[in-house]
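J.: Next come the chains, spelled out residue by residue.
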Amino acid sequence: MIARRVRYEIVSRAIGPTLMAMERWRRRGRGAGGAEAPFGPPLESTRKLKELTTLHYLAGRFADGAVPVAWVTSGFPVEMLRPLGFHTVYPENHGAICSVKRMVPELSEAVEREGYSRDLCGYARADLGSVATGKTPVGRLPRPDLLCCCTNICQTVLYWYRALAVHFRVPLVVIDTPFVYGEAQPHLLAYVAYQLRELTETAERVAGSKVDRDALGETMRLAREGTRLWAECLRAGCARPSPWTGFDSFFHLAPIVAMRGTRECNAYYRMLRDELNDRVARGVGGVADERVRLLWDNLPIWFNLRDLSTVLARNGFNIVCATYTNAWAEAGSMIDPADPEGSAARAYVHVLLNRDLPYKLSIMKRLCREYGATGAIFHSDRSCKPYSIGQIDLMGRLASEEGVKGLLLEADHADPRSWSEAQAYNRLHAFMEMFG
Amino acid sequence: MPEYTIMRDATISARKKLGHKTVVVLPVHYPRELFTAMDVHTVELWGPPGPPHGPDAGRIQAYTCAVVRNALAFLASGGADAADAVLFPHTCDSIQGLATLAPDFGGWGKPALRFLHPKGGDGPAARAFVRAELSLLADRLAELTGRPLALPRLAEAIGLHARIDRLRGDLLSRRALLGMGDRDLYRLLRRGEFLVPEDHLAELAVAARGLGEERVQRGVPLMVTGYVPEPMTLLDSLASSGAFVAADDYAAVGRRVPLSFPADGGDPLDTLAAKAFSMPPCPTRGGDQDVRMEHMETLYRRSGSAGLIVHVQKFCEPELFDVPAIRRRFARIGAPLLYLEGELEASLSGQVVTRLEAFVEMVDARRNAP
Ligand code: SF4
Ligand code: SF4
Chain S
0 MIARRVRYEI VSRAIGPTLM AMERWRRRGR GAGGAEAPFG PPLESTRKLK ELTTLHYLAG
60 RFADGAVPVA WVTSGFPVEM LRPLGFHTVY PENHGAICSV KRMVPELSEA VEREGYSRDL
120 CGYARADLGS VATGKTPVGR LPRPDLLCCC TNICQTVLYW YRALAVHFRV PLVVIDTPFV
180 YGEAQPHLLA YVAYQLRELT ETAERVAGSK VDRDALGETM RLAREGTRLW AECLRAGCAR
240 PSPWTGFDSF FHLAPIVAMR GTRECNAYYR MLRDELNDRV ARGVGGVADE RVRLLWDNLP
300 IWFNLRDLST VLARNGFNIV CATYTNAWAE AGSMIDPADP EGSAARAYVH VLLNRDLPYK
360 LSIMKRLCRE YGATGAIFHS DRSCKPYSIG QIDLMGRLAS EEGVKGLLLE ADHADPRSWS
420 EAQAYNRLHA FMEMFG
Chain W
0 MPEYTIMRDA TISARKKLGH KTVVVLPVHY PRELFTAMDV HTVELWGPPG PPHGPDAGRI
60 QAYTCAVVRN ALAFLASGGA DAADAVLFPH TCDSIQGLAT LAPDFGGWGK PALRFLHPKG
120 GDGPAARAFV RAELSLLADR LAELTGRPLA LPRLAEAIGL HARIDRLRGD LLSRRALLGM
180 GDRDLYRLLR RGEFLVPEDH LAELAVAARG LGEERVQRGV PLMVTGYVPE PMTLLDSLAS
240 SGAFVAADDY AAVGRRVPLS FPADGGDPLD TLAAKAFSMP PCPTRGGDQD VRMEHMETLY
300 RRSGSAGLIV HVQKFCEPEL FDVPAIRRRF ARIGAPLLYL EGELEASLSG QVVTRLEAFV
360 EMVDARRNAP
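Chains as they are written, first to last, in numbering that gives the first Met the number 0: chain S, 0 to 435; chain W, 0 to 369.
Treat the hints with care, since some could be wrong.
As the list claims (entries may be wrong) - Residues from chain S that face chain W, not an exhaustive set, calculated with beta carbons under 10 Å: (1) Leu127; (2) Thr150; (3) Phe178; (4) Ala192; (5) Lys384; (6) Asp392; (7) Arg396.
Stated by the list, open to error - Rough simulated footprint, nothing fancy, chain W against chain S, three-plus residues with beta-carbon under 8 Å: (8) 106-118; (9) 344-357.
Keep in mind that the hints were calculated from the coordinates and are not lab data. Virtual Cβ for every residue (Gly too), placed ideally from N, Cα, C.
Chain S with its partners taken away, still in its complex shape (with noise of 0.2 Å):
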């Protein structure tokens, strides 16, 4: 345990670090690279992303046995275990990786083969499928012993888990968060600030530790500054033109989900946040000739992203607004360091995906408004049902309350194999040319 604890810790805080320092080294003066025609300059900041990312998945490899271990949904109020120094891991990030890599096939057939149907959660089949199989683009992942499930983003994740205690063997903890119509009642906000203090006798018991309740304290802050930070971000795309896409903001969400709660990841969204504001004060924009702007709904289509938006910016088009992206910078804001419990009940059941559809379609206006945005694409997700179900009402409200015009795309967030290229881009060009 302490030999694996020191190599744990040498990896995260010395050789991790130190290997990244070489690669700047070995790049400098390379700066992040000229414009990219239709795009404008890369930002600057996605090497830090990317070493951020690179050190938190190293680190991960040396993970079990040294530090207590949780894999966790996003919506996971994750700060309760940061003071216990549990090294956290995200299924859904590590399935948009894989996506990205265009494994989702090849893990989830491996589970396809077991039973599972090829209708399921795409992040849920390549995370089975990356555990059946151990193939990963990220070297490897810890063992858990601990999983951390909140329903808050949907109940599929209840379902996944399910699974995964059964193969791993190890306590799952769920955080029910019932829907909300309109406002959450104040019994449905206890009851979820009771599970939350359960939560921490199980982690501690895991963890063999007690929470330090300043600590606790601080990482709530730590969060509340970060959503801040991510809102920050996200409001330079305001702009004309936009300092950057809004898929190059799908990636730079990673830590505000995966690292929440820490001062990395504060200090990279100041970084970004500078470079954005930066970019805007020189009216650099994220795509070069940033003409019709757009707001996306639902998840990315990560294995199709850089194509995508290279269509859509060669064109002139922008994606500036993300319900997605957005849903990060909201219900955060609610945490107070004082109440943990009861501001994380409140923060966690207030979230975009555990809403009704009224107040998306309200966050849908207030983006559009906000950002500018006269056209919308609806990634009618596949294998997302809550996140997919009552787009098309949504889509043909926002249009006749808002004058915003309206594609519904269908695809898939992970799974490429239901994407249909030729079909999608004809429906997006077409989409385009009502633009003028």
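Starting from the structure of chain S, add chain W with the ligands where the hints point.
T.: Structure of chain W with the ligands alone, referenced to chain S:
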């Protein structure tokens, strides 16, 4: 009009004449006792099966289950207009989505009730939450009927439904001793989805008198698990292949019979809250997957089943996620398994019928092998 709709319409009209309100209920789990106590008639809506009634199904993507798409089409086309409200239990992401889509964006203009049930395990917080949800639902029903909940009435309703549940449990667990065919048995059990409880109880009691001491079902005993026995012709195909349902783990049927019954007395709302935690494992409620597998294996062995049919709805995440675990568990005990995926079709396709027949034949041959 299909039998499904005719029967439901007829009971709604009869209740209306008596001045009682009717609430249409989406699947799966809900506190029916509360409605009975407040003289509110409930009619469940499992689809309905068959093609959607009207264009509104197109407002939900085709990769969503037929239960939800058909329900939206049915509500929006006025199929449930005779009812006074709809209840959306917190079953899954799809019903959760429907519970805001239809009332908020069109399709259902009358009151929309919701019942959120916990997805984790039992415990003080979960019980307190269910209790609070029950109180809230009672308040909403009081608004609908103009009468508050009377706790003694609730205690009576709990007793009435316990009698119903016991009889349903008996008929299912002693299936082999009952002369009735599957189609008749399931028609009877599913009449509970829309009949007035007293009437359902009376029918069940008559049927239960047919339970003998001797095994009368001689066909190939099979266990079924899945969502809802639709199309009901599945049961006909089983019967004509020489099989019968010896154990039931359908969400709509067997999984709604409690495993234990609370003692009389105490606060009826607490008793009703406790019932939520005495039900058989159901993935729509979350809970430990191993516990569910254990339960299914017990059901299988106790019933003397010789094979398992897994009959799920396409795109149904709660059910589909458990399929590999079911496959593993039943492979381990050497149980033959047939997997069927449906979309609330009006009848079984010829291909499925052939698969069913072949399966029954194979199970029978295995059973009779020396
Ligand atoms: S992609 Fe959708 S279904 Fe999958 S985990 Fe995320 S919210 Fe849930
Ligand atoms: S069939 Fe499955 S997905 Fe559809 S409503 Fe029922 S539980 Fe939900």
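J.: For the stretch 344-357 of chain S, does the count of residues with a C-beta closer than 8 Å to a C-beta of chain W reach 3?
T.: Answer holds; 3 residues pass the 8 Å Cβ test.
J.: So, as I understand it, the hint says aspartate 392(S) touches chain W; can you test that by seeing if any CB pair is closer than 10 Å?
T.: Status holds, d = 4 Å.
J.: Between the stretch 106-118 of chain S and chain W, are there enough contacts, at least three residues with CB-CB distance under 8 Å, for the coverage claim to hold?
T.: Held - the stretch 106-118 of chain S has 6 residues with a Cβ nearer than 8 Å to chain W, which meets the minimum of three.
J.: If you take the shortest Cβ to Cβ gap from lysine 384(S) to chain W, is it below 10 Å?
T.: 5 Å, holds
J.: Does leucine 127(S) pass the interface check with chain W, least Cβ-Cβ distance below 10 Å?
T.: 9 Å, holds
J.: Next item in the hint list is phenylalanine 178(S). Is there a CB on chain W closer than 10 Å to its CB?
T.: Since the shortest Cβ distance to chain W is 5 Å, the answer is holds.
J.: Do the numbers back the hint for threonine 150(S), that is, is its least Cβ distance to chain W under 10 Å?
T.: Hint holds; threonine 150(S) Cβ to chain W Cβ min 6 Å, cut 10 Å.
J.: Does the nearest C-beta of chain W fall within a distance shorter than 10 Å of the C-beta of alanine 192(S)?
T.: This interface hint holds because 9 Å falls under the 10 Å limit.
J.: Tell me if arginine 396(S) is really an interface residue toward chain W, meaning its C-beta lies closer than 10 Å to one of theirs.
T.: Holds, about 7 Å.
Every hint, counting from the list given before, is met by this structure.
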